[in-house]
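Take these sequences, add in the hints, and give me the full structure.
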Amino acid sequence: MENNTFDEVLELIESFPDEQSESLLEIVRKRLIEERREQLAQIIQEARGEYVRGEARQGMVDDLMRELDR
511 MENNTFDEVL
521 ELIESFPDEQ
531 SESLLEIVRK
541 RLIEERREQL
551 AQIIQEARGE
561 YVRGEARQGM
571 VDDLMRELDR
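Quick note: the sequence shown, position 23, residue 533 per this note's numbering, numbers continuous.
Hints were generated in silico from the structure; no laboratory data involved.
Computed spacing ranges between beta-carbons, pair by pair:
#	residue 1	residue 2	range
1	D573	E545	29 to 37 Å
2	R558	D517	41 to 49 Å
3	L550	R580	22 to 30 Å
4	N513	R546	23 to 31 Å
5	E518	R547	29 to 37 Å
6	E529	R563	49 to 57 Å
Each residue gets a CB set at the ideal place from its N, CA and C atoms; glycine is no exception.
In structure tokens:
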């Protein structure tokens with residue numbers, strides 16, 4: 511989105527009555543939460559698949575840190 515368009519949207523929102531602005535904020539917040547929830551579900555599904563295929567490693571945090579330092 512271009513900066514002008516973004517600024518125009520902000521100005522439009524600022525012109526809303528307080529109740530509408532608060533409702534819009536709540537809707538956006540809930541959509542962001544749902545989007546993040548879906549992203550996490552995808553990450554979990556991928557991790558489970560890696561585990562089932564034997565691609566996941568088990569170990570302690572120190573083991574992981576040593577491996578990352580290689």
